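Engineer: Here are the chains, one letter per residue:
There are 2 protein chains.
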Amino acid sequence: MTSQELSANIQRKKSFLCVGLDTDPKKIPSHLLTNEDPIFDFNKAIIDATADLCVAYKPNLAFYESLGIKGWLALDKTVKYIRQNYPDQFLIADAKRGDIGNTSEMYARAFFSQFNFDSVTVAPYMGEDSVKPFLTYPGKWVILLALTSNRGSQDFQFATDETGLRLFENVLAKAQQWGTTENLMFVVGATQGNMFADVRKFVPNHFLLVPGVGAQGGDLYEVCKYGMNSQCGLLVNSSRQILYAESDISFAKCARNEAIKVQKDMEILLRRKELI
Amino acid sequence: MTSQELSANIQRKKSFLCVGLDTDPKKIPSHLLTNEDPIFDFNKAIIDATADLCVAYKPNLAFYESLGIKGWLALDKTVKYIRQNYPDQFLIADAKRGDIGNTSEMYARAFFSQFNFDSVTVAPYMGEDSVKPFLTYPGKWVILLALTSNRGSQDFQFATDETGLRLFENVLAKAQQWGTTENLMFVVGATQGNMFADVRKFVPNHFLLVPGVGAQGGDLYEVCKYGMNSQCGLLVNSSRQILYAESDISFAKCARNEAIKVQKDMEILLRRKELI
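Protein chains in written order, with the numbering used here: chain A, 442 to 717; chain B, 442 to 717.
There's no promise every hint is true.
It does not matter which identical chain is used: a pair holds within one copy or between any two.
Unchecked claim - The calculated SDA-like cross-link candidates involving lysine to any residue, where the alpha carbons are at most 25 Å apart (straight line), are:
#1 Lys642 <-> Tyr527
#2 Lys573 <-> Ser507
#3 Lys714 <-> Arg453
#4 Lys454 <-> Glu546
#5 Lys511 <-> Arg550
Simulated from the structure, these hints should not be mistaken for lab results.
Note that the structure is predicted; figures quoted are calculated from it, not measured.
Only chain A is shown next, with the shape it has when bound in the complex (with noise of 0.2 Å):
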């Protein structure tokens, strides 16, 4: 997918959600355990409940991985299942992953080639050659991780080097000379608020994937404020909030009710930046 595709996919859906399907055996409702496959029916039934609510979904790799086998193939059917019935979704392996050059290519091809990703997210804590295999696959993206939404981000991104500049700051600054704008995004979490706009000093024009609203207390209106471009460029996350919303047999619609809410405060923003 093209950020112009993307752009326009937010601009006729008047929402840049992405709903992430951390979808976790304990918290879904006790009437689907009994299934076969209980997460992919949680996954269909959410996904089903909002795509016409969201551009992107995002499943959180460790909440699949923690499963052992089934928990792949839940995740390979979800995949597969939002590819065939909504192929307008960015589809995002939230895998935080990254090694050596030989190994990251591995990496790369199990997310863009076994799996029918569009993107991946990648830590820049090797640096360029465990970040470049992943961006010679045409139309696929990287979001590498600048400033996250925890409070261990404390513990190292704010480190200021020899020149001035933090770490979140310095992976900005480099890692735009390994990618372009059509192919490499950043994390930046919700719960950073204006660091947003320090950020945007260094990446005017990229994406910017950006968790932690909702449970983590991230605040949208602040995330807009400083993040937002004039392509809107932002795809804000929610997981918890919108899976989560009932555990009874109406989970679904009160998941879609949640993500209404926020499609809509969506909507304000994009009017308010004249994007619609």
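Guided by the hints, dock chain B onto chain A, whose structure is given.
Structural biologist: Then chain B, alone, in the frame of chain A:
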């Protein structure tokens, strides 16, 4: 496994070799490819040929993920085979994971409960809450990336902060507040040579996992000169040099011969240090 048990294995086997099971269908002997599970059959032959010469096995997850479900099945069989037949081996999931707290919990469950690995490699970029969930499993280990073996290690790991610490030193210093010498090791690439002296200033007593000897060009003697401590404190990995020593039917015998060469060198180095 405790550090004492691991040190005892090193003394008994006169080896601190870790064999990296980076099994690539494109590189394994062609006569295996018609088997039902060529990846497992290759691993089994390599393991049987090297188990008395090494103290650890380290499958890199990327190689298995790139094969989809059948890769995960081969990995599962491999881990179980080692556990059943060579219970003294230390098993490392080279996965380089790391995510926000509730998600790292899921990864820990994947590698320590679904698979019965002893340890998992973790990337430090997201800080404390991305690492700690792995440290709550008794007898299990985090192996945290500090200074990696690849060219990209130059991009961020050497950035010096306000206090004069380089990023990898900052990782070594901070991580010691999260774990102990009984549940935390660090990755330091063999290609970093005399940087091992700097690493040992911060972590004199922790085990180090050392990739990069062999195909990547690291030197075992230099690693030991600067990195070995009074309990050895090193696990030195070799992957390609051993696995792909030969591509015909003699591959396992040739892998064994390569492993013997490394073990003999290690025996000399352990004697020099009067550890055996």
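Engineer: Indicate which option fits the pair Lys642, Tyr527 if close means a Cα-Cα distance not exceeding 25 Å: within, between, both or neither.
Structural biologist: Neither: 35 Å inside a chain and 55 Å across chains, both beyond 25 Å.
Engineer: Checking an output row: Lys573 and Ser507, CA cutoff 25 Å. Within, between, both or neither?
Structural biologist: Between copies only: 17 Å across chains, 28 Å inside a chain, cut-off 25 Å.
Engineer: Treating 25 Å as the Cα threshold, decide for Lys511 and Arg550: within, between, both or neither.
Structural biologist: Both ways: Lys511 and Arg550 sit 21 Å apart in one copy and 14 Å across, limit 25 Å.
Engineer: Under a CA distance limit of 25 Å, which applies to Lys454 and Glu546: within one copy, between copies, both, or neither?
Structural biologist: Cα proximity of Lys454 and Glu546: none, with 34 Å in one copy and 35 Å across.
Engineer: With identical chains treated as interchangeable, where does the CA-CA distance between Lys714 and Arg453 reach 25 Å or less: within a copy, between copies, both, or neither?
Structural biologist: The answer is within: 15 Å in one copy meets 25 Å, while 69 Å across copies does not.
Going through the hint list in order, the structure does not satisfy hints 1, 4.
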